[in-house]
Structure formats: C-alpha cells, structure tokens
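Novice: Whole structure, please, built from the sequences with the hints as guidance.
Just so you know, the sequences run in chain order P, F, V and H.
Residue numbering for the first sequence follows the numbering used here, starting at 445 and increasing by one per position.
Residue numbering for the second sequence follows the numbering used here, starting at 445 and increasing by one per position.
Residue numbering for the third sequence follows the numbering used here, starting at 191 and increasing by one per position.
Residue numbering for the fourth sequence follows the numbering used here, starting at 209 and increasing by one per position.
Treat the hints with care, as some may be off.
What the hints assert, rightly or not - Below, a list of computed lysine-lysine pairs in the DSS-like style, where the Cα atoms sit at most 27 Å apart: (1) K383(H) <-> K362(H); (2) K312(H) <-> K627(F); (3) K447(H) <-> K627(P); (4) K627(F) <-> K293(H); (5) K312(H) <-> K598(F); (6) K598(F) <-> K383(H); (7) K312(H) <-> K615(F); (8) K293(H) <-> K312(H); (9) K512(H) <-> K615(P); (10) K231(H) <-> K313(H); (11) K355(H) <-> K527(H); (12) K362(H) <-> K598(F); (13) K492(H) <-> K293(H); (14) K440(H) <-> K615(P); (15) K440(H) <-> K362(H); (16) K269(H) <-> K492(H); (17) K598(F) <-> K389(H); (18) K627(P) <-> K440(H); (19) K382(H) <-> K598(F).
Everything labelled a hint here was simulated from the structure, so no lab data went into it.
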Amino acid sequence: MATESLPATSFAARALPVREAIVRYGFVAVTVILIGYFLISQPNFRTSSNLWGLLVYAAPVGIAGLGVTIAMTVGGLDLSVGSVAGFAVSLSAWTMVIGNQVGGVAIGVALVAGALVGLINAALIVWARIPDLLATLTTMFAIQGLKLVLVDGKSISSRMTLDDGSTAPGKFTDGFLYLAQGKIGPVPFPAILLIVISVLVWFLLEKTRWGRLLYAVGANPEASRLAGVRVGLYRSAAYVAAGVLASVAGLLLAARIGQGDVSAGNSLLLDAVAVALVGTSVLGRNVPNAWGTVLGAILITTMVVGFSMMGLPYYVQDVAKGAVLLVALLFSYTLSTRRATLPGQPT
Amino acid sequence: MATESLPATSFAARALPVREAIVRYGFVAVTVILIGYFLISQPNFRTSSNLWGLLVYAAPVGIAGLGVTIAMTVGGLDLSVGSVAGFAVSLSAWTMVIGNQVGGVAIGVALVAGALVGLINAALIVWARIPDLLATLTTMFAIQGLKLVLVDGKSISSRMTLDDGSTAPGKFTDGFLYLAQGKIGPVPFPAILLIVISVLVWFLLEKTRWGRLLYAVGANPEASRLAGVRVGLYRSAAYVAAGVLASVAGLLLAARIGQGDVSAGNSLLLDAVAVALVGTSVLGRNVPNAWGTVLGAILITTMVVGFSMMGLPYYVQDVAKGAVLLVALLFSYTLSTRRATLPGQPT
Amino acid sequence: MTPPLTAEPRTEAVVSVRGVGKSFGPNVVLKGVDLEISSGEVVALLGANGAGKSTLIKILAGAHPDHTGEVLIGGEPARLSSPTAARALGIATVHQRVREGIVPGLTVAENLAFDELAGGGASWLLRRREVMSVARRAVEVLDLGWSDAVLRRDVATLGISDAQLLVVARTLLQRPRLLILDEPTSALSSAEADRLFGVVRQLRADGLAVVLVSHRLGEVDAIADRAVVLRDGRVTADVAKPLSWPVILPAMLGASAEGLKATVLEHDTPETPAPERKAPDGDRPAVVRLRRVKLLDESPPLDLQIYNGEVTGIVGLIGAGKSELAHGLFGSAGWTAGTAEFDGLARPPRTPGEAIRNGIYLVPEDRADQALLPGWSIQRTLSLPFITKVSSRVGVLNGGSERDRASTVIEKLGIVARGPRTELNELSGGNQQKVVVGRWLVEQARLLLLDEPFRGVDLGARRDIGDQVRAVAGAGGAVVVLSADVDEVFEIADRILVLVEGALTLDSPITEVSRDDVVRAFSGA
Amino acid sequence: DSTESDASSSPSTGPTASAPRPKPFDASPVTVALVRQSGAGDYFEAWGQGAQKQATAANIKLTITDARNDNAKQASDLQQAIDAKPAAIIVDHGQTDTIAPLVKKAVAAGIPTIVYDVALPADVTGYIATSQSDESLAEQVLGQMIKDIGQGQKVGLVSATGFAPLDRRGAVWKKVVADNKLQQVFFTGKVTESTATDNIPLVDAALKQHPDVKAIFAPYDEITKGVVQAVKQNNLQDKVKVYGIDISNADLQVMTESGSPWVATAATDPGQIGAAVVRTIALKLAGQFNEASVQFPGVLITQKVLQDQKITTVGDVVKAEPKLKLDTTSVADWLPNAA
Ligand SMILES: Nc1ncnc2c1ncn2[C@@H]1O[C@H](COP(=O)(O)OP(=O)(O)OP(=O)(O)O)[C@@H](O)[C@H]1O
Ligand SMILES: Nc1ncnc2c1ncn2[C@@H]1O[C@H](COP(=O)(O)OP(=O)(O)OP(=O)(O)O)[C@@H](O)[C@H]1O
Ligand SMILES: [Mg+2]
Ligand SMILES: [Mg+2]
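Specialist: Put into structure tokens, the structure is as follows:
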C-alpha cells in the first residue's frame, strides 16, 4: 500500500463537542428557548389552540418557503413565489365565483397554474439561459400583472356583482374553506398540510436519489452533467415544484380569508425567501434544507404571536426579530469552524 | 510553438458579429426603441421637463441600485438598502423637525447613519462570517424596526403636534428641499446627482485599481487574498458604499415627499435590486456594472412614465414591464455564446 | 522512522524552517519540520499525497499564519503573517490549485498584472497601458507568445493549462529571493514543462532559491539540486545531487515502496518500455470506430479504432484535441464532423447519462470544475454517477451500500481520509484525484476514458490507479488514457497514439516504439 | 381596456344628459390628469372606475398616474402632470406636505386643481377641496359602538400609525375612549402589502390575551377583514363585536355571513365619489362651479340592516341609502351622474 491511512485518533473531529453542538443546535435552541419563554410568561400562549395556531400561521410561509428551498437546492432562487401565491388566490376565487365550479376544480386549476408558471421559469432559466434571479423577477412582474388583469384589479367575493349588473353565480365552497378551517381531531388542516408537505420535501431531499441529484446540480452543474445527471430536467423540476408549493400557499391564504383578496400573497415573497435562507443556517448545515425552512417559519411565527401577546407594537417586533435572528446566526456561522461560504452554493 | 496553445480561430465568438452586436446592444436598443416610441406617440413625453423628469424619477432607484451594484461586485447582495433609505427619510425628518437642525445637519446625520449600517453589515459578513443575504436580511428587519421606534410609528411633518401637545420646533428647510426641487439651469438637481454619482461609480469600478480589486474580491476571494488584497477591507468598503448610497436615495425621497413618511423606501429594495440585476445583462457583460444599472433604472422609469401616459392601468403596466424585460433578457442571454453564469456572481 | 539523512552543508541559507508545525483542528499535518534553502539551488519537496507539502508551502507563503515553530529569512526571524508579508520578504508562490490563482471576469492582462494591482504601492488609477506592459513582460518571461488580443480576453476563456502558465508567468515577474512552485507542471505538457524549467535554470543561475513540488520524478531528477522528503509530518530524507532514489522512495512511501522501486523508476527514468504488454493480435473487433471525425474546427478528418481488453494511450500537446475526443465519445460535447460506431450499441451516446448506462465512463481533466462538488463527502461524490445502484427502485437511497462502495474505493486506492464521510475539500489534491478516478472503477466499464488521470497523484497512488485501470482492461473493457505526459502513457498503455492538432501522427503498440519515436511524432513527422 | 367597464358599485346605467355639452366639452376630448396615491385595493379600484366612467360621459380624457403608495412617486407624478399642462388636475389622496407645494405650483400655473381627501394647510388657496370626512365616518360608527356596548367596557384598537386617514380616525377613537371611560386593552395592527392576512396572527394573539374585550375598532376595511377572521378563529364571534370603516362587495359578504362579528361600518361609495369629483372639476371648467370645497357624506351601515334587507352588494346599499348616491352633488343638465 502506497499510503497508509492516518490513525483515526489524529482526526478527532469530535474534539470540540460544545462548540460543534452550539453550531448545530444553536438555532434550534434559540427557537426552543423563545417558545419556552413565551410558554412560561404568557399563559395564553400555552393553550393548545394557540400552539396549533402557530403551525397554522406558519403554514403558508412555510410551504412557500419549502418551494424556495427546493429552488435553492439547484442553486437558484425563485422570486416569483409571492406573485404565484397571489395568482392562486385570485384564480381559485375566480374559478369558484365567476366560473361557478366546485372547490376541487378551483384547487386543481390553481395547482396547474402554479406548475405552469414553474415551467415558464424553467424554460427561461434552462432553455433561454437567463439567470434565475432575472428570470423569476420577470415572471414575478408578469404574473402579478396578469392576476390583476384577470380580476380587473378587484377582490373576488362570493356572489359579487358582475360588470353587467348580474350576481356572480358561484361562491367559495365549504370544501374549499375546509383547507383553512377544517380540523382532523384537534389538529387544524393547515397544520397537517404543513407537516405532511415538510415530511414529503424532507424525504425527497434527504432520502431519495432525486433529492441528492437536486443538490448535486446546485453544487456543481458541470460536474453533475458529466456524472450523467440530466441537469436541465432537475432544474426544471425544481422550479415546477416551487411553483406548485407557492400555489398551495396561495390556496391556504384564499381559504383563510374566504375571498379572492387582490393583495393576498404580496408580502409572501420576502417572508418565504427569509425562512428558506434562515433555514440554511439551521443545524449548521449551510445548505437549503426542509427542516431548517420549517423551523425558520415556526421561529418567525412564534415571534410574531408571542411578541403580540406581550403587547409590543409591530415595529418593536421587527427589532426583536432582527435581534433573535442575529443571535441564531452568530451561533450558526460565527462559531462554526467550517468556512462560511462554499463556492457554487447559494448563500 | 508557444502561440499554438491559443489559436484565435477556435474562438468562434468573433465569427458572428451580428449576434455579438445584438447581445451587446440589444438591451440598449430596446430602451432606445421604447423611448423613441413614446417620443413619437405621446406629445407630453417630448417635453424637456418630462425628459429631465425621467432622470429625476430614476434618481432614487438608480442611486440605490448603484449601491447594490457595488455590493454585487464583491459577490454580495445588500437586502438592507430599502430599509436604510427609509431610515434616512425618518432620521433626516426627525433631525430637522424634532431636533430643529438645518438641512445640512440632517443630511450629514443620514449619511453617517447609512455608513454605520454599512459597517454593521460589513462586520456581520466579514467578521462574523454570516452569509451576505442573511446578514443584510437581519439588518433590514432591525433597521426597519428601529426607524419606527425612533419616530414612534408616525410620519414626521413640519410643525407637527408632539405627544406633550406642543408643536415641533423645526421644519423641512428650503436647503433640504433643494435636494429634490433645486435646478441648475434647466437641469433638476436629482438628475445632476444621478449623473454625478453614476460617473463616480463608473469611474471607481472601471477606471481605478480599487474597482478592479472589488471585482476580483467578488470573483475569487481566495486568489485575491493570496495576491495580497485586503479582502475584508474591500468587502467592508463595498457595504459601506452601499449604505451611503442608499441613504442618498432616502434623502432624495424625503426631500421630494417633504415629510418623514414612514412608508417611504419600502418599495425601493425590490426596485434597486431589480435594476442592478437587469444592469448585469446590459452590454452583454454579465457582471454588475454602473452603466447597466443606470440604464436599467432609466428603462424601468421610462416604462412607468410612458405606459402611464398611454393610460394603461398599473397592472397592465406590470405585464408590459415583464414583457419588455423578457425581450431584453432574451437578447442578452439567450443569444449569447458565453456561458450564462460566471463563478462568484450572485445568482 | 528513517532518520533524516543530511546532505553536506551549503552556503548561506535564504530561508530556514525550524520546527514548523501545523494542525487543522485535531489533524496534525506538520510535526516539526526543519529545512534550509540556499540561494542558487532548486530544492525538490517530495512526499506522498497528503504528506503536508502544500501545507508547508502555504506557511512559507504566509497563508497559514497560525503555525508553530519559526521561519528565518536571511538569518532573521520572519513573521509570515499574510501573503503580502511573505511577498514583501521575497517569497513568491505558485499554489497547487490553479483556480486559486486566477480571477475570472478580469482580463488575461489584468490577471498577469494582478500582483501589481493587488499591491498597495501601485497608483489608485487603473493605467491600462501599464497593465498591458506588465502583462507583456510576463508573457515574455515564459515566452508564451500571447498576442495583445489574447491579453484583452476574459481569463475565464483560458483552459486549465494556459491558466497554469499564466499563474507561473505572473509569479516569475516578481523576481523573488525564493520561488515556490507547487506542482506547476501537473497541468502542463512536457514541452511546456521544459520551457518552464529552462526559465527556472536561468533564475537559479541568477542566485534565486527555488522550491519545487512534483510527483514527476523524471522532472525532479532533471532539475533538482537537492530533494527533501516529507512523510507523516516530518522530514524523512534530505539528499543532494545526484539524487539517490533508493533512499528517497522508502523515505517517501515507507516500507510499501519496496515493490515500487523497480516499476516506478523504470517508467520514470526514460527509454525502458513497459514489460509484459500485449502484442496486437490481428483483426480484433473494435469497441469504437471513429470515421472522419473532425475534433477541432480546422483539423483534418480522423479515423480511429479502440479495442477491448487493452489500454490505449493518447498523447498530445495542449490543444491537440484530446479532451474533445473524450467528450465526443462520452456524449458530453459534439464534434465538428464525423461519426462514431460503438460495438453493441445502436447509436453513440448522446448524453453523459446514456453513456454511463452503457458502461462508457469519463474522468474529466479539470478536477475542480468538472468533478468536485463543494461541500460533498467522499461517499456522495463516489456514488453520484451510479446513484441508481445505491438506491431502491422507488428512489430511496441506501446509506449502507453507499458507505460500502466508498470504503472499498478508499481502501483500494489508499485514500488518506478520516472516512467515507470526509468532505473532499479537506483532502490533499492527490487524494481528491484518487476519489474522482476511483468512482469510475467500482463498476466494470465497457469504455473507460481518462483525461489526465494522474494529475497530482503520487507514485504509489499512480501505481494503484494504474493497477486498477489495467484491471478494467484485463476484465475485457477498453481503456483510453489521454495525457500530455509521454512517461505516464508508457507506464500504463498497451498501444500509443499521438495526436497533433486533431490529427493522428502515430498509432503503434507500445512494445514497438521508443520514446524518441513518440517525440518525433509530436513534431508531425 | 378597463376604461369601458362599469363601476362595480352601481349597476344602473344612470340618466342620460338632457342638454348639449357646453364649452370646452363640445369639441375634442378635454385632457384631465388624475394623480393618485394608490389605485390598488377594492376602494381605490371602485373610485377609479367611477371617475373613469364619469369622465367618458363628460368627454374628458383622463390621464391617470398611480403611485402605488409611493409618496415620492406621487410627487413626481404631480410635477409631471403640471409640466404637461392639462386642462385640469385631480389629486386623489396624498401626504399633506408632499402635495401642498405642488398644488401651489399648479394653481400658480393657472391649472384648475381639485384635491380629494388631502388636508392642505391654509396658505394654499385657489383649489377645490373635496373629502369624505374621516371624522364623521369614525364618529358615526363609534357612536353605534357605544350604543351597542355601553360605557366603561374593555375594547381594542387594530390600526396603524403614520397613515393620515388612519391617524385622523384614530384621533376620534381616542376621544371616544376617553369620553366613555372605555378601557383600551390592546392596540396592534399593521399596514402591509397583504394587510388582511398579515393582521390575523397579530389580532389572534391579542385576543388570546384579552378574550374579554367587548368590541374592536378596525378603521380600515382591509384590517377589519383580518380582525373578523381572528375573532372567528377564537370562537368569540358572539362575545366580541367588530366595527370597521369603508365598504366593498367583498366586505359586505364578510359582514352578512351568519355569525359575523362585524356589526357596523361607516362608508361612502367610492365609485360615486370618484364620479362626483370628476363632475365637480368638469363644472368648474365649464364655469359653472364656484365653491371652494365639497364634502361627501358617509353613512352608517349596520349588519342588521344588511341582513334584514338582504343586501349583498354596494349597489344595493346605494339603493337602500340614497344619501350615498350623489345624484344631487355637482350635477347639471348636461352632466348627470354617470356612475
Ligand atoms: N483546509 C484544510 N482543512 C483540513 N484539512 C486540511 C486542509 N488542508 C489540508 N488538510 C489536510 O492536511 C494534509 C496535508 O495536505 P497537503 O495539501 O499539505 O498535502 P500535499 O502533501 O500537498 O499532498 P498532494 O501531493 O496530494 O498535493 C491532508 O491530510 C489534508 O487532508
Ligand atoms: N472554452 C473554450 N472556448 C473556446 N475554445 C476553447 C475553450 N476551451 C478550449 N478551447 C480550445 O480548444 C482547443 C482544444 O482543446 P482541448 O482541451 O481539447 O485540448 P487537449 O488536447 O485536451 O489539451 P489539454 O487538455 O492538454 O489542454 C484548444 O485550442 C483550446 O484553446
Ligand atoms: Mg499539495
Ligand atoms: Mg484536455
């Protein structure tokens, strides 16, 4: 043997277990401590309805964030999620109220539309070779405008008056409203959806070869191509998944308000990107990942709810949000012995 | 024999001059055609005040976009520009109205604050090794909240009533308002500011050693470090510059609005990032650059003004914006024979 | 442990390394290294992959200021706190990873003048004319012959060999007291390496001290005045010219070197053709048949057969079209013209995925850009092309079988690593190369294409990889090794082809040609 | 083109003109610039459509700019409008200090100017001020609230500061709270790009903390919608009453759902107002208007009335509350209400 392996002891990477643990679990700890603090200090935080409520509020941003996460695994970023969610809101409302279809059809139409937008993004990025940020920015503008053209700039509500003076034939069906208001046992449906989708995305990304190949494409597309990966296909699939998940988030929003609110979804982009980014730092992994994103969504929701209960005005909440985020990031990056940025990885 | 390692003929890029020209000037052409179209079809567009007006409206987003451009040259992206601009609005208003200082002091305070935020970003990124997107996201939240804490969530206007019932001592001074309303000859001051700052940034990036090194730090920090470039210093300087330019943009907004509007600057982030991104594709260079950013800002402003004059509702404008952007991007990327992404460029 | 063998005392030391140590976390890489380097000598720093050569060099270059021990320069203790500090003290370094040295987005000229640009002394204005004149001087130093048009191009358009030459040229421009070259020739053809060494000899005559790291012992033999061997973090030999290989090799490789001496040295010291190679046996069926293929825009059509059960070595200078040939066969890039027929396949593979499913494998030449995935472990990198083999039919990954594959390769090729989960960026360059070659050796190939497979691997590993590759041929596969290094091809191939600007100038069984024939073929004769 | 579409608020086609148009409306279309702070959202959408409809009927070509809540852009838009020298300028909403100097400029340039819902300081003159009175809207709905819950109760406010109409409505609230010894136990809320959705968690948390509030005032319908959802989620719709301001078809649906806690709102019909503003400036241009200001009255709309009369659209509301239909405000024989 030309070179003998180094003795195992000389690679005692476990030598700094405390630091390692902080890097890996610091973010989780911050979340847990914060939740613990609210649990103790705010009696109303403890109620089970509130705790499930955290998941309910985290659901749209968490699900859209999971879409962004998938796009990030292939090294991209999807700026169109907010407008796709808004499009899903208006489109599903339009289908039910103007088109007089049942909720199932509305859901189907919105999901197909989300997938289509994902395909358009994929075509722009993969085929037309436009950098992802620019491509999704373009779709963002176009879809946002299209949505408003579709509904003529108006919110769509059950039995609204149409331009010709007649009343719209349809309404938000109960089946559709179940999306936001349904419960299985004590568990609200959006919470279940969030959990199910997180598990699915986690399983896809961590346990299947497709997930592995998505990460490969993001880490080094050329090396992946030469290893036989169909890079274009995987990148396209990622954007389609992002589009569909953004649509799901939009459907939840539509069902929550019970109307095709024109402004719904507008603020989702920044939040979804934020939780996906924050998620990369969770568990010290420094790559986009499902648990991280969901934890990020829960952390941010917890802060909003908890600080509101404490009676802080929303702008003080922003400062607090910044501070908590900072502490968590310091744990994840500053203490880390790994290099902060790896080439080819979305940072 | 040495020469044969690089036969010029093998680089087919020179073989297609038309295509090359489209890639390089396609974006410029789209802008020129659009301006031409508006000039011909909209009599009001032709007025010289309107043409200078284009530069006036482009000034805040262009200047903030130049800041983003500088941050992008070092391989980063600054998400805090919008909130820094908003902070500058409130801070300058506060200084004049509550602090009863003259405009010059307000300007100074805002610029120093912008530089400080830049320094904080730099510290988080360079020293605490937090990835740029996450670091600037954190500052974004914190600064946004801080701004509102400073003004108690209120817009600050000249001689407003304070909490104790008295009237605020100061007001927006004429000197300060000159920022937005002044003219030198026929040329409005914001237009001059935009031109001067663009030339400065262009000169910095293209004509000085520092500019080259900023690009080098972005493209290959390790090579730069090994060659003796003080990488941390350059990255810090870039974020400080971005902060200061965001403040300048905020000051222009404050002077134009004439009061410390709490919501000012909110929409600036997306616009500034958009023009800086769009700018990378101008001239087919595929790197962040000053002319590209300014041209991007002018293109977007032209569309907004022109389409408004044509009486398109804002949401049709969005669709049109998306379409024009798409055409320009197809010219720059899809036709290009160069690879779409360069390493070290934020994607 | 072999006690250090000291050579006779030399004249004034330019640089003295005293008890230098360095660890990465718990991994102790250097355990007290002593070394003297005098002016006017070329010191070869030798050692197996992962011995710590690059680490020592980075210390001298100021890139690892947190080392222990001390470094004296001109007899004075020096603080090598940063690359700038090292440079100010007269130490100029060409690092092993070429991509660490060039800045994409800047022009070739700006890259050649990058040290000037980076140094604080230069004017704050960018003087393009000055940049160009510095660049022209750099071009001259290495006699690169690049025109101004080339100098104005984006450096990202250069191939890895030209990039390597660029970095060397830039470093030579600094006129340092000590020049350090970390595997400068691994991406160069022998002609270019010769040109580089011509320059090094000249510098030595001018009194410069040079430290050279190389795994090409022929090269070392030709130019080094002294060889220092690192092993296990210590200096295990320090011998002066004439270099005594029987001393050096065991010092490098330990006891396992015993069997090596014969084979390695024979191939590394020229003229001896490899023993017991197959003679061509008449009209065998070809696994691949190329018809009128044009590799480069301007090259003549090429006809070529590749046979089962043998190793075909293809040599050629940089830009000869070797990589084009490999990519064309692998389906990852098209040729300008012509067709390929694969035995047993309805059509040539049109994508790498199709190629891999049909047992056609490629080890690409540029490790960093074409094979490594940042942040990925050995295990993941290894299983990437064969992901279906480590996952169930429904796509669920099987961690156990992944780990087993990785452990097998680690053991077979002697990869120095903590385990299958070690990240590749923690490995030394040679060990990374073993991983990216090794992943194609787990499955039996129908056609295995290796583009510069020995880049940066040490002798022992070269033998290990060679054995594995020959085993692929032994099991009936066809192997193609593309290399700019004639010695490497002689060491491994059954048949040798010479490619000059896309045309074949020699095609012969290895047993029937001499090295001189091959070199003659290069000139197109 | 959306300009042809009807205002959502009023399905009736309106009376036709009974007299020929006077100068300058008898020739080619008259250009009027409409400078808007925002055109997004149901209120503004309806306002814009009413204005457009009336303009078309009066032979006016409206050039509309929409600052999308970007006050700096609105300033630019207004400056640009002045430079383009239209026959008249309409300013729809805006910040006082932003608009005041520019209105001065417009007046100085001799352009007839009408301003909707911007309070300009006394030193600005020569323009027509129109408004829906925020004070009156707030007073009406809060009066109903006191009638419903009585004095000395626990109440909550969901609003945001820094937005002029909300600040004005908030001032009335403060006074009502003090006068009636109400106990304000929470104040939360924010205005974002998705106001309705983003307020739900805030109010939810506040309600968990203070489930014993009797009433919540949410003086902006986007916020009110979020409050209603939060109340429902906490199953408090029988205990907590919600009071809002503004009305749209979508709002009516929320109000009339069975068990809706939103019991009263105060509103004008934005479509009618948009039309009336256009009529006012048209009369001015025709030399038939000499007032300095017009006020558009708002009305109180209670859930009970809506349910009793089975009202589901703003059109129905207008029918039930003729005060909302501004058929007598700024009309002429040649210029009937077109909205
Ligand atoms: N940045 C790093 N982090 C962790 N370990 C490292 C790092 N750099 C090098 N090492 C380890 O240090 C050891 C020596 O590496 P070095 O690069 O000096 O080897 P080398 O002698 O140059 O080998 P080669 O001939 O393959 O280039 C290896 O075991 C490697 O894994
Ligand atoms: N990205 C590129 N764009 C244009 N031409 C290129 C590019 N890369 C390489 N070339 C040119 O193509 C020709 C063939 O290069 P190729 O890489 O096939 O040579 P090679 O024989 O494999 O040599 P080596 O691998 O030793 O550099 C060279 O002239 C090279 O300069
Ligand atoms: Mg090395
Ligand atoms: Mg090659």
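Novice: Run through the hints listed earlier and report the numbers of any the structure violates, in increasing order.
Specialist: none
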